[in-house]
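2 protein chains.
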Amino acid sequence: MQAEIAEQLKPFFEPKAVAIIGATDKKGKVGNVIFENFRVNKERGIFKGAIYPVNPKLDEIDGYKVYHSVGELPEGVDLAVISIPAKFVPATMEDIAAKGIKAVIIITGGFGELGEEGKRMERQIYETAKKNGIRVIGPNCVGVYSPDTGVDTVFLPDEKMDRPRSGPIAFVSQSGAFAAAMLDWAANEELGIGKMVSYGNKIDVDDADLMDYFTGDDSINVVTLYIEGVKDGRRFMEAARRITRVKPVIALKAGRSSYGAKAASSHTGSLAGADVIYDAAFKQTGVIRAEDFEHMFDLAKAFAQLKGKLPKGDRIGIITDGGGAGVMASDAVAKFGLRMAEPSEETIRFLRERFPPHAVVGNPTDVVGDTDAERYRLALEAFTKDPNIDAILVIVLFQVPLLREEEVIEIIGDYARRSEKPIVAVAMGGAKTERYAKMLEERGVPVYPTPERGVRALEGLVRYSSYLRR
Amino acid sequence: MQAEIAEQLKPFFEPKAVAIIGATDKKGKVGNVIFENFRVNKERGIFKGAIYPVNPKLDEIDGYKVYHSVGELPEGVDLAVISIPAKFVPATMEDIAAKGIKAVIIITGGFGELGEEGKRMERQIYETAKKNGIRVIGPNCVGVYSPDTGVDTVFLPDEKMDRPRSGPIAFVSQSGAFAAAMLDWAANEELGIGKMVSYGNKIDVDDADLMDYFTGDDSINVVTLYIEGVKDGRRFMEAARRITRVKPVIALKAGRSSYGAKAASSHTGSLAGADVIYDAAFKQTGVIRAEDFEHMFDLAKAFAQLKGKLPKGDRIGIITDGGGAGVMASDAVAKFGLRMAEPSEETIRFLRERFPPHAVVGNPTDVVGDTDAERYRLALEAFTKDPNIDAILVIVLFQVPLLREEEVIEIIGDYARRSEKPIVAVAMGGAKTERYAKMLEERGVPVYPTPERGVRALEGLVRYSSYLRR
Numbered sequence: 015m016q017a018e019i020a021e022q023l024k025p026f027f028e029p030k031a032v033a034i035i036g037a038t039d040k041k042g043k044v045g046n047v048i049f050e051n052f053r054v055n056k057e058r059g060i061f062k063g064a065i066y067p068v069n070p071k072l073d074e075i076d077g078y079k080v081y082h083s084v085g086e087l088p089e090g091v092d093l094a095v096i097s098i099p100a101k102f103v104p105a106t107m108e109d110i111a112a113k114g115i116k117a118v119i120i121i122t123g124g125f126g127e128l129g130e131e132g133k134r135m136e137r138q139i140y141e142t143a144k145k146n147g148i149r150v151i152g153p154n155c156v157g158v159y160s161p162d163t164g165v166d167t168v169f170l171p172d173e174k175m176d177r178p179r180s181g182p183i184a185f186v187s188q189s190g191a192f193a194a195a196m197l198d199w200a201a202n203e204e205l206g207i208g209k210m211v212s213y214g215n216k217i218d219v220d221d222a223d224l225m226d227y228f229t230g231d232d233s234i235n236v237v238t239l240y241i242e243g244v245k246d247g248r249r250f251m252e253a254a255r256r257i258t259r260v261k262p263v264i265a266l267k268a269g270r271s272s273y274g275a276k277a278a279s280s281h282t283g284s285l286a287g288a289d290v291i292y293d294a295a296f297k298q299t300g301v302i303r304a305e306d307f308e309h310m311f312d313l314a315k316a317f318a319q320l321k322g323k324l325p326k327g328d329r330i331g332i333i334t335d336g337g338g339a340g341v342m343a344s345d346a347v348a349k350f351g352l353r354m355a356e357p358s359e360e361t362i363r364f365l366r367e368r369f370p371p372h373a374v375v376g377n378p379t380d381v382v383g384d385t386d387a388e389r390y391r392l393a394l395e396a397f398t399k400d401p402n403i404d405a406i407l408v409i410v411l412f413q414v415p416l417l418r419e420e421e422v423i424e425i426i427g428d429y430a431r432r433s434e435k436p437i438v439a440v441a442m443g444g445a446k447t448e449r450y451a452k453m454l455e456e457r458g459v460p461v462y463p464t465p466e467r468g469v470r471a472l473e474g475l476v477r478y479s480s481y482l483r484r
Numbered sequence: 015m016q017a018e019i020a021e022q023l024k025p026f027f028e029p030k031a032v033a034i035i036g037a038t039d040k041k042g043k044v045g046n047v048i049f050e051n052f053r054v055n056k057e058r059g060i061f062k063g064a065i066y067p068v069n070p071k072l073d074e075i076d077g078y079k080v081y082h083s084v085g086e087l088p089e090g091v092d093l094a095v096i097s098i099p100a101k102f103v104p105a106t107m108e109d110i111a112a113k114g115i116k117a118v119i120i121i122t123g124g125f126g127e128l129g130e131e132g133k134r135m136e137r138q139i140y141e142t143a144k145k146n147g148i149r150v151i152g153p154n155c156v157g158v159y160s161p162d163t164g165v166d167t168v169f170l171p172d173e174k175m176d177r178p179r180s181g182p183i184a185f186v187s188q189s190g191a192f193a194a195a196m197l198d199w200a201a202n203e204e205l206g207i208g209k210m211v212s213y214g215n216k217i218d219v220d221d222a223d224l225m226d227y228f229t230g231d232d233s234i235n236v237v238t239l240y241i242e243g244v245k246d247g248r249r250f251m252e253a254a255r256r257i258t259r260v261k262p263v264i265a266l267k268a269g270r271s272s273y274g275a276k277a278a279s280s281h282t283g284s285l286a287g288a289d290v291i292y293d294a295a296f297k298q299t300g301v302i303r304a305e306d307f308e309h310m311f312d313l314a315k316a317f318a319q320l321k322g323k324l325p326k327g328d329r330i331g332i333i334t335d336g337g338g339a340g341v342m343a344s345d346a347v348a349k350f351g352l353r354m355a356e357p358s359e360e361t362i363r364f365l366r367e368r369f370p371p372h373a374v375v376g377n378p379t380d381v382v383g384d385t386d387a388e389r390y391r392l393a394l395e396a397f398t399k400d401p402n403i404d405a406i407l408v409i410v411l412f413q414v415p416l417l418r419e420e421e422v423i424e425i426i427g428d429y430a431r432r433s434e435k436p437i438v439a440v441a442m443g444g445a446k447t448e449r450y451a452k453m454l455e456e457r458g459v460p461v462y463p464t465p466e467r468g469v470r471a472l473e474g475l476v477r478y479s480s481y482l483r484r
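For the record, the sequence lines run as chains W and F.
Using this note's numbering, read the first sequence as starting at 15 and increasing by one per residue.
Using this note's numbering, read the second sequence as starting at 15 and increasing by one per residue.
Where hints are given, some of them may not hold.
Put simply, identical chains are the same to the list, so a pair is met inside one copy or across any two.
To be verified - In silico EDC-like links for lysine to aspartate or glutamate, alpha-carbon gap of 20 Å or less: (1) LYS276 - GLU359; (2) LYS41 - ASP386; (3) LYS446 - ASP176; (4) LYS116 - GLU141; (5) LYS446 - GLU204; (6) LYS446 - GLU173.
Hint data in this document are derived by calculation from the structure and do not stem from the laboratory.
This is chain W alone, in the form it adopts within the complex (with noise of 0.2 Å):
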């Protein structure tokens, strides 16, 4: 069933041809972007499928020939995006039923969540689907960025949005709005965003569909959920348990609290549910749960810079030149429900003799504020060898005035390689220290801007490798 339902969704990321139904040439219009999107793409040469404008009152946009009905297209079709108005939209159903086209995205909104009328449309709308067995992501939605393969239905401009570099996570989001943020957020953090998907209604295509596409797609190995309701929670949990067993799945289920359910039945009409119940559909699935969109992304950032790399047990090894950062951590390890490791006695000896007296040995050890990059690279050295150590928390403060940052972060970087405990970094300051962070990610080492977010972002780590030993 997954790999069919794969096979399905196939053509929403890599279609052969592409009508793009509402295709104009003014300037900022939705039907616009999106054909420009596509075109951009196709002069690139990422996008390699061929794009077909329709729209009945232009024959020609940009030196493409524009179709001026579903009906008078050429046959190979597999993918339609629509964002025509509403009203427009169920008979144009019949008709990209009537050519075969087995994939739609339904951009335009003013369906379900204005009232009655929509809704009655949207289910005749699915019944054709059904019927033809067309898959249907949408209505009201933005669609698909798939930067690897050039499918890019997002209408809003580069002057309103940045988009950001392809990477492994994918992210699949409710709220339209709320995507577009964090693609424009992701391309800041130069995070690397494979796949988004942003299904708006979902009256056909859900996160159940999409978490079985992901299981089998290579080029993606962590899937982030935004969530306000789930409609089916069987099939919900079924198509979980198959892909955790793969790849990490992060949830941000929206509508908590009694006051976020409300708001949540407003924006998508979303039947929030009791929330324990969500709590425990999660846990037994192995879906890790966010609470909040900055846990979401910095979780998805360690898994996808570890590449798998997961740790053995929950006890923590902290290294650090500010003391107080140190505490810090040490509290966080509690507050998140880690362990402290304990090192042997072999790491104590190792470094007590190769540091001087007022260095700290221990956890955490404190290489303190006159420290080299060599001290770190001892630290390391231990840490990654002792067997009562997990994983590794490594904060750097690069202020510290003896401290030749390249040398640090290739340190860094060489046990983060080499070792098989996975290593976060935490590194605290502005410009120069967001730059330095930016050279140890380049290193498969994931950074984050204080100790509490590099400790949660290792019980994240935690908690999926617990659930897969189990």
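Since the structure of chain W is already known, use the hints to place chain F on it.
For chain F alone, coordinates are given in the frame of chain W:
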């Protein structure tokens, strides 16, 4: 007593003449960086006092006459900054006493943190100070950063650390490395720091003294403290009670957990003490406890920007253009123990009459993704007038297509200025959003990158306001 202490501490921030003991011309050395800080600040017209370098081996640095001993110094020196090796400090303190200097910052490390001999020297220094009415910051510290008066003993050069602009936030940190990291971070965040003090081993000047000083310092309107342990609890509580009557104090007390307490004891020898006692002491004295440093500065920003504007109750009104973000904010209102306001019938009628049917009128009020700036104006007009709403969270996803960014920024800034209710904004996104957020902050609106952090900042305002009304 408070006034007396404030008078004693004045030379640390506004010295008439500073002696830099251990000044040197060797670039990058602590004694050189500190001398250069004062020299450059004097050249810029920021530091108004005289500068007297002291070094037995030099006659001149950068055109400044160097004194060979403390005894040779001219009269009128009211601050000494010491960066000579630890073993020479006790004797130098005697010279300082003989010269009648009443304020000393001892940057030098290698005292109590190294063991018994260091502790003995600290006691000797303290006795000299006590006998002669000298106040001491340090030893083993970063000292003072006061951008308005040009005092800057932070011995990290610009290549290592950016310095923040001035502003109404005071920051006191036991940890030196943390202080440096935070200044660097604040510079990047464009958070204005009016005074920073890092007191290291605090043999004399401590949090209580500094709270007393800041009580009467009109350039400061919010005080942040990073504390690992308090020695004199009663004195701390007295000073805290005094200052919180006139301005908010936010404390990050590390070493909450047994893990953290153990780390704190290795770091500054602080006996962290039972965390519940700190909790109770903070509550009794109106000190707002922060969960982590992001929380501390999120709160500081809110207080600094809102300049004493406080909510009269805990009923939050939310305006958003993204339904998902509204749901997350509603969840956060519940999580942080606040209440969702129930808008008055007048508000509901006013907005229903003016909004299109697909916008959601209520709380949250969702102006939805096709909003223009005008809908924000209408919502703010209604919410600021509504007697059922105490504080407003306005969420702007600037990515939505029809919203003119400058226009909505002007509108929010305008209501923030005119309304008696605090208005806090949330803007999620990338580089463009960061620019718009800065524009909002220039207009006195604190902005946060996630709904949770925005609501958490409101919670701090509510907590302080409710303490003051007790």
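How the hints compare with the structure:
no. : hint            : result
1   : LYS276 - GLU359 : between (55 Å within a copy, 18 Å between copies)
2   : LYS41 - ASP386  : between (56 Å within a copy, 18 Å between copies)
3   : LYS446 - ASP176 : between (23 Å within a copy, 8 Å between copies)
4   : LYS116 - GLU141 : within (14 Å within a copy, 86 Å between copies)
5   : LYS446 - GLU204 : both (16 Å within a copy, 14 Å between copies)
6   : LYS446 - GLU173 : between (27 Å within a copy, 9 Å between copies)
In this structure, every one of the numbered hints holds.
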